[in-house]
Amino acid sequence: MELKNKKWTEEEFFKVRQEVLNHWPTGKDVDLEKAAEYLKKVPEHKSFPAKLKKAKEEGITLAQPRAGVALIEDHINLLKYLQDVGEADLLPSTIDSYTRQNRYNECEIGLEESRKAGRSMLNGFPAVNHGVEGCKRVFEAVDLPLQARHGTPDARLLSEIIHASGWTSNEGGGISYNIPYAKSVSLEKSLLDWQYCDRLVGLYEEMGISINREPFGPLTGTLVPPSISNAVAIIEGLLAAEQGVKNITLGYGQCGNLVQDVAAMKALEEQANEYFKMYGYDVYLTTVFHQWMGGFPQDEAKAFGVISWGSATAALAGATKVIVKTPHEAVGIPTKEANAQGIKATKQTLNLLRGQRLPMSKELEEEIKLIKMETKCIIDKVFEVGKGDLAQGVVKAFEMGILDIPFAPSKYNAGRILPARDNNGAVRILEFGNIPFTQEIKDFHRKQLEERAKVEKREVGFQMVVDDIYAVGKGFLVGRPNM
Amino acid sequence: MGKTVVLGVIGADCHAVGNKILERAFSDAGFNVVNIGVMCSQEEFISAAIETNADAILVSSLYGHGEIDCRGLREKCDEAGLKNILLYAGGNLVVGKQEWSDVEKRFKEMGFNRVYPPGTSPEVGINDLKHDLGIED
Ligand code: B12
Numbered sequence: 001m002e003l004k005n006k007k008w009t010e011e012e013f014f015k016v017r018q019e020v021l022n023h024w025p026t027g028k029d030v031d032l033e034k035a036a037e038y039l040k041k042v043p044e045h046k047s048f049p050a051k052l053k054k055a056k057e058e059g060i061t062l063a064q065p066r067a068g069v070a071l072i073e074d075h076i077n078l079l080k081y082l083q084d085v086g087e088a089d090l091l092p093s094t095i096d097s098y099t100r101q102n103r104y105n106e107c108e109i110g111l112e113e114s115r116k117a118g119r120s121m122l123n124g125f126p127a128v129n130h131g132v133e134g135c136k137r138v139f140e141a142v143d144l145p146l147q148a149r150h151g152t153p154d155a156r157l158l159s160e161i162i163h164a165s166g167w168t169s170n171e172g173g174g175i176s177y178n179i180p181y182a183k184s185v186s187l188e189k190s191l192l193d194w195q196y197c198d199r200l201v202g203l204y205e206e207m208g209i210s211i212n213r214e215p216f217g218p219l220t221g222t223l224v225p226p227s228i229s230n231a232v233a234i235i236e237g238l239l240a241a242e243q244g245v246k247n248i249t250l251g252y253g254q255c256g257n258l259v260q261d262v263a264a265m266k267a268l269e270e271q272a273n274e275y276f277k278m279y280g281y282d283v284y285l286t287t288v289f290h291q292w293m294g295g296f297p298q299d300e301a302k303a304f305g306v307i308s309w310g311s312a313t314a315a316l317a318g319a320t321k322v323i324v325k326t327p328h329e330a331v332g333i334p335t336k337e338a339n340a341q342g343i344k345a346t347k348q349t350l351n352l353l354r355g356q357r358l359p360m361s362k363e364l365e366e367e368i369k370l371i372k373m374e375t376k377c378i379i380d381k382v383f384e385v386g387k388g389d390l391a392q393g394v395v396k397a398f399e400m401g402i403l404d405i406p407f408a409p410s411k412y413n414a415g416r417i418l419p420a421r422d423n424n425g426a427v428r429i430l431e432f433g434n435i436p437f438t439q440e441i442k443d444f445h446r447k448q449l450e451e452r453a454k455v456e457k458r459e460v461g462f463q464m465v466v467d468d469i470y471a472v473g474k475g476f477l478v479g480r481p482n483m
Numbered sequence: 001m002g003k004t005v006v007l008g009v010i011g012a013d014c015h016a017v018g019n020k021i022l023e024r025a026f027s028d029a030g031f032n033v034v035n036i037g038v039m040c041s042q043e044e045f046i047s048a049a050i051e052t053n054a055d056a057i058l059v060s061s062l063y064g065h066g067e068i069d070c071r072g073l074r075e076k077c078d079e080a081g082l083k084n085i086l087l088y089a090g091g092n093l094v095v096g097k098q099e100w101s102d103v104e105k106r107f108k109e110m111g112f113n114r115v116y117p118p119g120t121s122p123e124v125g126i127n128d129l130k131h132d133l134g135i136e137d
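Chains as they are written, first to last, in full-length UniProt numbering: chain A, 1 to 483; chain Y, 1 to 137.
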């Protein structure tokens, strides 16, 4: 099938579907009609779109952890614990890395070894191997909306299975679940495969069932400049909307400077709505803020500092939900206790700040303007090189380095862009590669970095980038020399 | 000094940031670094080591499946004729926060010469490697 930003016909969809459901034996238990019936009975308090809408209207920020282990019983215990003790508002099922690469055979080994070892040998929940039956058991055991969170370039079978099991949200996208998560999956393939996932949600919408879709905002989680992640988020939102998705949550990963982070969230929401309107899509948009996604401090008390700062920013930015980190982040997959502690620290901070927003200031206004201008430079160029077709434009734009994500493992990413922090900790760009910014914007970034270099009495250069990568883990935002 | 190391991230692991930094640090320290990047199978480590006549293989695993992914690497090296090649492993090797001495023991039993806990700085590995290869500073 040729990649185009055009809604798949039912014929196209069902032809591919036949093959998808054969990828693993559990696929044959997915029945669209039965799934629709099941989804129609999902009560409001367990529906992702409904809960997000309520939060947005009330102006509150919901807290959602990440969590997933190999075995069903253990996974249920974990989620119930996060719900009852951790006070989570929304629940996840984080999917393991073998499933993310469609290596279901290796999941079987991991499942068997987990049973033998008495602890999870997988870094997440292998939903495809557990199938609709297993996934329904999880859904029925909890009292909150459930979302799959993963990093899967080809999530077609996974999406079929989770939605058929009552999970009313799916994270991911053809760019955001490929470039940061894979080495050699082409964008043509991942974009097509995510069109499938989006079309599936579109089909449910046509049957009167609302399902939420959430492109993965933070990308590599490591010093990603706001306009880069906002451009990707808006593009994935537009691609999803074309396939009939109507309930979208766009996200952004905390960079750490308060003004820049609030500006990024505001720019994201406003600009995304403008683009949806411009292209005639009717989308209910909410936002998600990710607490710091880069390297964490090992010390648990220090980690709580990072978690709370992220929560404060999420509240002040008016995010609809915040994705929560844990005090174990730097070391390993958290225990359920550590995970619950992360949520509780988050909720305490959110509750203290309820109703407060960062007031508009000259600095905030300028930063919003800058991010929107940069984002527009990128998106315009993507449309241009795609000759008006957004999906084709994405492929071309990555080839040309117009879209370029720092530190990404994919060979389809140019990897020429280098970010570094300015003297206030805002993420700026040191090397632009082929990112299509105006000279004026480039000069501004340079000026900001020079200012830091002067304070630190060194040259602007790669060492700053390395220092910034380590900084938060060492207890600071900006990576100063002799930190 | 001319010593060659093969560097990579094993299994289905996509964590690329540490790998890029290790490449730079080991190169700056004078090693000839053959970086095979993320998501590498045991076979890819071994063929890179054979092709470049490497002195050591540095395996990173961040995502938690390190235990499954690293098992058997020593035996496969032996079979491939890479007898006694130095094997180091580092990163977030196992799932969750576990007693480090247990983890170290398990990896040493698998045949790794040196094993590093989360957040180990590249310098520690560089110094050990110089020591193990008899390189004077
Ligand atoms: C950034 C990040 C991501 C980014 C990665 C972007 C990319 N493509 O690179 C994104 C968001 C995409 C991501 C995804 C995932 N991540 Co992640 N991620 C991190 C995070 C926050 C920082 C990693 C990092 O870049 N650090 C900075 C670099 C410089 O440090 P480093 O990687 O530790 O490497 C240094 C040292 O470890 C050492 N070192 C490493 N190897 C070796 C080898 C030798 C020989 C020596 C001497 C030294 C050495 O030197 C390196 C350079 O200084 C860590 C947690 C943390 N550390 O705070 C989790 C973490 C590594 N991720 C984790 C997981 C589980 C995942 C996922 C599977 C999702 C999930 N289930 O939650 C997916 C991966 C999917 C896949 N297929 O791999 C877990 C691993 C858990 C475990 N081992 O028990 C961690 C620890 C978080 C956690 N506590 O749950 N992640």
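Please keep in mind that the hints were generated in silico from the structure rather than gathered at the bench. Ideal Cβ positions, reconstructed from N, Cα and C, are used throughout, including at glycine. Accuracy of the hints is not assured; some may be wrong.
Derived CB-CB ranges, DEER-like [stated by the list, open to error]: (1) A/ALA36 x Y/GLY72: 56 to 62 angstroms; (2) Y/ASP132 x A/GLU337: 49 to 55 angstroms; (3) Y/GLU51 x A/ARG458: 35 to 41 angstroms; (4) A/GLU270 x Y/GLY72: 49 to 55 angstroms; (5) A/ASN482 x Y/GLU99: 41 to 47 angstroms.
Interface residues of chain Y toward chain A, partial, derived using beta-carbon atoms under 7 angstroms [to be verified]: (6) GLY64; (7) LYS97; (8) VAL103; (9) PRO118; (10) GLY119.
Just so you have them, the derived chain Y footprint on chain A, three or more residues with Cβ under 8 angstroms [unchecked claim]: (11) 120-128; (12) 153-164; (13) 324-332; (14) 428-438.
May I ask which of the numbered hints given earlier this structure violates, with the numbers listed in increasing order?
Violated hints: 1, 2, 5, 8, 12 and 14; rest satisfied.
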